[in-house]
Amino acid sequence: MIERARIKLSPWQQAAVAVGSAVGALFNPRRADLIAALGETTGKPAFERVLERMKRSPEGRAVLHERPRVISAKVGQAWDLPENTFGAAYARFMGSRNFSPDDRPPVRFMDTDELAYVAMRAREVHDFWHTLFGLPTNLIGESALKVIEFEQMYLPMCLLSVVGGTARFNEKQRTLFFQHYFPWAVKAGMQCTDLIITIFHM
Numbered sequence: 001m002i003e004r005a006r007i008k009l010s011p012w013q014q015a016a017v018a019v020g021s022a023v024g025a026l027f028n029p030r031r032a033d034l035i036a037a038l039g040e041t042t043g044k045p046a047f048e049r050v051l052e053r054m055k056r057s058p059e060g061r062a063v064l065h066e067r068p069r070v071i072s073a074k075v076g077q078a079w080d081l082p083e084n085t086f087g088a089a090y091a092r093f094m095g096s097r098n099f100s101p102d103d104r105p106p107v108r109f110m111d112t113d114e115l116a117y118v119a120m121r122a123r124e125v126h127d128f129w130h131t132l133f134g135l136p137t138n139l140i141g142e143s144a145l146k147v148i149e150f151e152q153m154y155l156p157m158c159l160l161s162v163v164g165g166t167a168r169f170n171e172k173q174r175t176l177f178f179q180h181y182f183p184w185a186v187k188a189g190m191q192c193t194d195l196i197i198t199i200f201h202m
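In my numbering, the protein residues as written are 1 to 202.
Don't read these hints as lab results, they were simulated from the structure.
Here the structure is a predicted model, which means the values were calculated and not measured.
Treat the hints with care, since some could be wrong.
For lysine-lysine, the following BS3-like pairs were computed, each having C-alpha atoms within a straight-line distance of at most 27 angstroms [to be verified]:
(1) Lys55 - Lys74
(2) Lys44 - Lys55
(3) Lys172 - Lys187
(4) Lys55 - Lys8
(5) Lys8 - Lys44
(6) Lys55 - Lys187
(7) Lys44 - Lys187
All chains, full assembly: derive it from the sequences and hints.
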């Protein structure tokens, strides 16, 4: 449960977790727990702004009231949907990579239940956004999606992930990313609807 996941940190502890997570994620970017901790310890102001934005719209208030989750028990029916539906596309994306929606690490460092839910939702809809934008899970695809996420939520972790990801590019990847993916992702993130409040019906 989100409500049981929170750990209170002093400012010094929060800074230590943020630095440790950033260093660890730089050396091992597949450590989802480190990236999650970095997102939480550096992203509280951004999550607060997202929460206030959600409260100002009927759709956002509905999401906060209903608190939909992206877990197997809620999205399992996606595997049975017709071929031309978003749910079927999501199921293909997850199945082809042997991903499970239950693999996301829990939220641990948010101060309130509402902020914990916003942080969890941002984490859980990540693969929805992969599906929506047709982005792969390789280094270029993940970096492009982080650009979109930054434009949508202004999370420092997204910017740090782009910096760390692009540092690992070879010359060909770097040229491709900055000539094609980066400007496209900036435009997509700025011009698309507010995705954090979008209900993705299966």
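Status of the hints after comparison with the structure:
Between Lys55 and Lys74 the CA atoms are separated by roughly 24 angstroms; this keeps the pair inside 27 angstroms, and the hint holds. Distance hint between Lys44 and Lys55 is fulfilled; the C-alpha atoms sit about 16 angstroms from each other, no more than 27 angstroms. Proximity of Lys172 to Lys187 is assessed by CA-CA distance (about 22 angstroms); at most 27 angstroms being required, the pair is judged to hold. This hinted pair checks out: Lys55 and Lys8 have alpha carbons roughly 25 angstroms apart, not beyond 27 angstroms.
A distance of roughly 13 angstroms separates the Cα atoms of Lys8 and Lys44; the hinted pair therefore holds under the 27 angstroms criterion. Between Lys55 and Lys187 the CA atoms are separated by roughly 25 angstroms; this keeps the pair inside 27 angstroms, and the hint holds. Simply put, Lys44 and Lys187 have alpha-carbon atoms about 25 angstroms apart, close enough for the 27 angstroms limit, and the pair holds.
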